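Guided by the hints, dock chain B onto chain A, whose structure is given.
Protein chains: 2
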Amino acid sequence: MDEDAGALPPKHQFSEWYNNILWRAEIMDVRYPVKGLYVWYPYGFAIRKHVYQRLRDLLDRDHQEALFPLLIPEQEFMKEAEHIKGFEDEVYWVTHGGTTPLDVKLALRPTSETAIYPMYALWVRSHADLPLKIYQIVNTFRYETKQTRPLIRLREITSFKEAHTVHATWEEAQQQVETAVRLYKEFYNGLCIPVMISKRPDWDKFPGADYTIAVDTIMPNGKSLQIGTVHHLGDHFSKTFEIKYEDASGEQQYAQQTCYGISERCIAALLSVHGDDKGLVLPPKVAPVQLVIVPITIGKRHEDVIASARSLEQELRQAGFRTKLDTREMRPGAKYYWWELRGVPLRLELGPRDIDAGKVIAVKRTGGKVSFDREDIKSGVAGVLAEISDAMRQRAEEHMKDRLCSVISIEPLTAALNDGKIAVVHWCGGRPCGDAIEEKTNGSILGTDVRSAYVPSTEGACIICDKPGKATLVGRVY
Amino acid sequence: MDEDAGALPPKHQFSEWYNNILWRAEIMDVRYPVKGLYVWYPYGFAIRKHVYQRLRDLLDRDHQEALFPLLIPEQEFMKEAEHIKGFEDEVYWVTHGGTTPLDVKLALRPTSETAIYPMYALWVRSHADLPLKIYQIVNTFRYETKQTRPLIRLREITSFKEAHTVHATWEEAQQQVETAVRLYKEFYNGLCIPVMISKRPDWDKFPGADYTIAVDTIMPNGKSLQIGTVHHLGDHFSKTFEIKYEDASGEQQYAQQTCYGISERCIAALLSVHGDDKGLVLPPKVAPVQLVIVPITIGKRHEDVIASARSLEQELRQAGFRTKLDTREMRPGAKYYWWELRGVPLRLELGPRDIDAGKVIAVKRTGGKVSFDREDIKSGVAGVLAEISDAMRQRAEEHMKDRLCSVISIEPLTAALNDGKIAVVHWCGGRPCGDAIEEKTNGSILGTDVRSAYVPSTEGACIICDKPGKATLVGRVY
Numbered sequence: 001m002d003e004d005a006g007a008l009p010p011k012h013q014f015s016e017w018y019n020n021i022l023w024r025a026e027i028m029d030v031r032y033p034v035k036g037l038y039v040w041y042p043y044g045f046a047i048r049k050h051v052y053q054r055l056r057d058l059l060d061r062d063h064q065e066a067l068f069p070l071l072i073p074e075q076e077f078m079k080e081a082e083h084i085k086g087f088e089d090e091v092y093w094v095t096h097g098g099t100t101p102l103d104v105k106l107a108l109r110p111t112s113e114t115a116i117y118p119m120y121a122l123w124v125r126s127h128a129d130l131p132l133k134i135y136q137i138v139n140t141f142r143y144e145t146k147q148t149r150p151l152i153r154l155r156e157i158t159s160f161k162e163a164h165t166v167h168a169t170w171e172e173a174q175q176q177v178e179t180a181v182r183l184y185k186e187f188y189n190g191l192c193i194p195v196m197i198s199k200r201p202d203w204d205k206f207p208g209a210d211y212t213i214a215v216d217t218i219m220p221n222g223k224s225l226q227i228g229t230v231h232h233l234g235d236h237f238s239k240t241f242e243i244k245y246e247d248a249s250g251e252q253q254y255a256q257q258t259c260y261g262i263s264e265r266c267i268a269a270l271l272s273v274h275g276d277d278k279g280l281v282l283p284p285k286v287a288p289v290q291l292v293i294v295p296i297t298i299g300k301r302h303e304d305v306i307a308s309a310r311s312l313e314q315e316l317r318q319a320g321f322r323t324k325l326d327t328r329e330m331r332p333g334a335k336y337y338w339w340e341l342r343g344v345p346l347r348l349e350l351g352p353r354d355i356d357a358g359k360v361i362a363v364k365r366t367g368g369k370v371s372f373d374r375e376d377i378k379s380g381v382a383g384v385l386a387e388i389s390d391a392m393r394q395r396a397e398e399h400m401k402d403r404l405c406s407v408i409s410i411e412p413l414t415a416a417l418n419d420g421k422i423a424v425v426h427w428c429g430g431r432p433c434g435d436a437i438e439e440k441t442n443g444s445i446l447g448t449d450v451r452s453a454y455v456p457s458t459e460g461a462c463i464i465c466d467k468p469g470k471a472t473l474v475g476r477v478y
Numbered sequence: 001m002d003e004d005a006g007a008l009p010p011k012h013q014f015s016e017w018y019n020n021i022l023w024r025a026e027i028m029d030v031r032y033p034v035k036g037l038y039v040w041y042p043y044g045f046a047i048r049k050h051v052y053q054r055l056r057d058l059l060d061r062d063h064q065e066a067l068f069p070l071l072i073p074e075q076e077f078m079k080e081a082e083h084i085k086g087f088e089d090e091v092y093w094v095t096h097g098g099t100t101p102l103d104v105k106l107a108l109r110p111t112s113e114t115a116i117y118p119m120y121a122l123w124v125r126s127h128a129d130l131p132l133k134i135y136q137i138v139n140t141f142r143y144e145t146k147q148t149r150p151l152i153r154l155r156e157i158t159s160f161k162e163a164h165t166v167h168a169t170w171e172e173a174q175q176q177v178e179t180a181v182r183l184y185k186e187f188y189n190g191l192c193i194p195v196m197i198s199k200r201p202d203w204d205k206f207p208g209a210d211y212t213i214a215v216d217t218i219m220p221n222g223k224s225l226q227i228g229t230v231h232h233l234g235d236h237f238s239k240t241f242e243i244k245y246e247d248a249s250g251e252q253q254y255a256q257q258t259c260y261g262i263s264e265r266c267i268a269a270l271l272s273v274h275g276d277d278k279g280l281v282l283p284p285k286v287a288p289v290q291l292v293i294v295p296i297t298i299g300k301r302h303e304d305v306i307a308s309a310r311s312l313e314q315e316l317r318q319a320g321f322r323t324k325l326d327t328r329e330m331r332p333g334a335k336y337y338w339w340e341l342r343g344v345p346l347r348l349e350l351g352p353r354d355i356d357a358g359k360v361i362a363v364k365r366t367g368g369k370v371s372f373d374r375e376d377i378k379s380g381v382a383g384v385l386a387e388i389s390d391a392m393r394q395r396a397e398e399h400m401k402d403r404l405c406s407v408i409s410i411e412p413l414t415a416a417l418n419d420g421k422i423a424v425v426h427w428c429g430g431r432p433c434g435d436a437i438e439e440k441t442n443g444s445i446l447g448t449d450v451r452s453a454y455v456p457s458t459e460g461a462c463i464i465c466d467k468p469g470k471a472t473l474v475g476r477v478y
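Those protein sequence lines, which keep their order, are chains A and B.
Here this note's numbering is used: position 25 in the first sequence is 25, and no number is missing along the way.
Here this note's numbering is used: position 455 in the second sequence is 455, and no number is missing along the way.
Here chain A stands alone, though its shape is the one from the complex (with noise of 0.2 Å):
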């Protein structure tokens, strides 16, 4: 809906990649008239579409979805102390309807643990009814006060899946965390997106949570981007909303509880992650276009070439494939240019020769040409684009391995952050001491216990105080 003009900026150049990639390839217009708020053109959706179901699909396997309104009257969101305090400076408050004045202020949800434990103290009464695991995936507001960017600061999340379960235990709830953090693990691994796993220090937990453990990805700049949480709740919660069932042995306990979210950040990663100089690259498994075909037609055999890309079309939509036709009157090169900034992984050349010789021509958008025999043609794609997917996460694995580095003393680290690094520094676990870190750098400690093939779970002096410390990840963060 836009015209491309200019070019699209290198990779490296990744702020105004980033910017230039939104509209270009019609992911997101920027230009709606409040700040923070975006709107998905349809290429953008088509893909956020694949993504969530993905994540629906993974999920379905022993959660249920369900869906709680928007609208949190002010006397449930004041009920639990941190959890006020982690969101009052930034909730949106609704307080009039039509002209009159509301009786009780309405909080858009900020995330929806006071909208729904309200409900799960109706529904959980006894051990049989645990564990409950529900999820749902909607829009999530936050009055944000720095500078917002599209999918990954906003003041209206529009793709916010946040899970709350509900357990008999501690330990169950507990296992629920590990669970769910397999289970994003397993989700980004289908978006060839490469994690790390961290438990957040204390201060960065979420407000209400016994322990919060974190997703993290690096995106092309070296900054970590958040794009998961999973929370242990304890019974902070299930104390505040009186979520009690009775035990086998008839006494009332209070539940516990845990919750765990990813927002359309993970758009913002699959994008930034994948993407290189010729616009964006996606993974078949969320691609809308998979195949696109573009028909070399010269002169006379103009109908025979469009009648063979037609037959070739429908045998791939048959058999599963995404897709697309292009039959505008453009060059073949315009066309090229086009899918490629899209990210479509593999496109089909066909022209009159190639029909002759019974073959067609496929190029990755990962590079490289293959040429297929027309009638091996289904296997031949499908074996190309699990190519594709492995070669993107293998790449985006390399870029990880080399975004990581070691440091031993505060000055090498900050160096390491300047150049676009995430560093693992030994860190006590004090307070004081993670405050020094942070402040020295102009970094942030992401966690300890990490969890990266490419992390050696070491010992070692704390960077500032020589006390023992454990392997803590450091970086710069959005």
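Source of the hints: derived by calculation from the structure; they are not laboratory data.
The model shown is predicted, which means the values in this text are computed figures rather than measured ones.
Mixed in with the good hints there might be a few duds.
Put simply, identical chains are the same to the list, so a pair is met inside one copy or across any two.
[Said to hold, decoys possible] Simulated pairs of lysine-lysine, DSBU-like, Cα-Cα distance not exceeding 35 Å: (1) K133 to K335; (2) K300 to K223; (3) K105 to K49; (4) K35 to K244; (5) K378 to K364; (6) K223 to K440; (7) K470 to K440; (8) K244 to K335; (9) K79 to K244; (10) K133 to K285; (11) K11 to K440; (12) K105 to K85; (13) K105 to K146; (14) K11 to K185; (15) K300 to K278; (16) K35 to K85; (17) K324 to K244; (18) K359 to K378; (19) K49 to K239; (20) K105 to K79; (21) K223 to K285.
Showing chain B alone in chain A's frame:
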């Protein structure tokens, strides 16, 4: 999640039946602590998912799905005079972010014209960009002061599908109105819900439209429920929002627009039209569970029957039927009751004798038993599900026919409405006679230009002034 206590009221006590079925079948929980906001239980959400997937499938033929922000700045919302008049009393306003008053008040969208059209003004440039056909499925908000009702009259409409199209000429927009009406008919035919289509009187059209075509159905109590509307917007909004295109001769022209919407009232109609004294009856196309298998296990043959039932379940799932095997430790009769309440179209019973005889017993939710040969189960089930759809459609149409009548004077009109009928009268089309009809009968004029197999489009003397009039639907409405 709630326990079945007592019995479902009979369907002819419709209001009690409706309120009961919502929690007994776990559709909506009405106990959320804000008036007019409700919670979708997982089972209700699953019905919603299948219904809206059908709607998406129909729209995706030639519309694109997108997503626009919820929050509309006051200055955009206040641009179109008729539109403001129609909505200003029922708009929720966000006035604060945290404790800070906002510079610009933000409306929660009651509908999205004023969120979408500023973007369309940027997107539409030339006749080559037209037609533009976009839809979204979103939550919208109305500060209802009338009595609220789950799925019918809400303060948060959680599931509003709204399409917004842009065309070069008034006639093309008119054709799109017809296309949308056909699409809605197809949608409701899939849900086995008969509809009446008519043109709303001028004073009841969408605020800012040239005219409104409405889709209504008749609820079990004889009240009409509006379950879809299609609006020809002319150039009212394009002039307000400066949506212009360059025509083939290089002139700037104001675009012509339509919009059309369906809310979760489609679910209200689905539950109400088909349900009976035993509970829901869901059309196979949208039933979250199409087949439930109840194993009848007796003594020693327990393992044997369960194994057979599992292999039956697997086979039917692989064939694409949404199948549930119920192995809970409950009496078969209690399971029958449970699944009948939830509207599952077909129940398969499998006991030792059936296994020995190579048979499966099937009980239709619409009544009647069938015996299948085990080896022909897939085609047997497919055939019976189609029969169930047909039977449901036919029964619903009979109901609509029974509720329609023609009258030629005011007294019998009032009597007919009191008797739970929708009446066809002749009306001159004038506002004074329209007001008189509505006041005298405590009813509403649904519309003229009626399209229904059961309403002949006759002409006759106006029921009030005796001047020439057209067939017009009058009823009590939700």
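Taking the hints in turn, this is what the structure says about them:
1. K133 to K335: Result: close only across copies, 23 Å inter versus 46 Å intra.
2. K300 to K223: neither (54 Å within a copy, 64 Å between copies)
3. K105 to K49: Answer is both: 33 Å inside a copy and 31 Å across each meet the 35 Å cutoff.
4. K35 to K244: between (42 Å within a copy, 25 Å between copies)
5. K378 to K364: within (15 Å within a copy, 41 Å between copies)
6. K223 to K440: Within. Shortest intra-copy distance 17 Å satisfies the 35 Å Cα cut-off; inter-copy 71 Å does not.
7. K470 to K440: within (19 Å within a copy, 82 Å between copies)
8. K244 to K335: Intra 61 Å, inter 28 Å, cutoff 35 Å: inter-copy only.
9. K79 to K244: within (17 Å within a copy, 51 Å between copies)
10. K133 to K285: both (26 Å within a copy, 27 Å between copies)
11. K11 to K440: This pair counts as within: shortest intra-copy Cα distance 30 Å, inter-copy 71 Å.
12. K105 to K85: both (18 Å within a copy, 25 Å between copies)
13. K105 to K146: Cα proximity of K105 and K146: in one copy and across copies (25 Å, 20 Å).
14. K11 to K185: Answer is within; shortest intra-copy Cα gap is 26 Å, inter-copy 49 Å.
15. K300 to K278: within (33 Å within a copy, 68 Å between copies)
16. K35 to K85: both (24 Å within a copy, 27 Å between copies)
17. K324 to K244: between (54 Å within a copy, 30 Å between copies)
18. K359 to K378: Answer is within; shortest intra-copy Cα gap is 13 Å, inter-copy 40 Å.
19. K49 to K239: between (37 Å within a copy, 33 Å between copies)
20. K105 to K79: The answer is both: 14 Å in one copy and 27 Å across copies each meet 35 Å.
21. K223 to K285: within (26 Å within a copy, 48 Å between copies)
Checked against the numbered hints above, the structure violates only hint 2.
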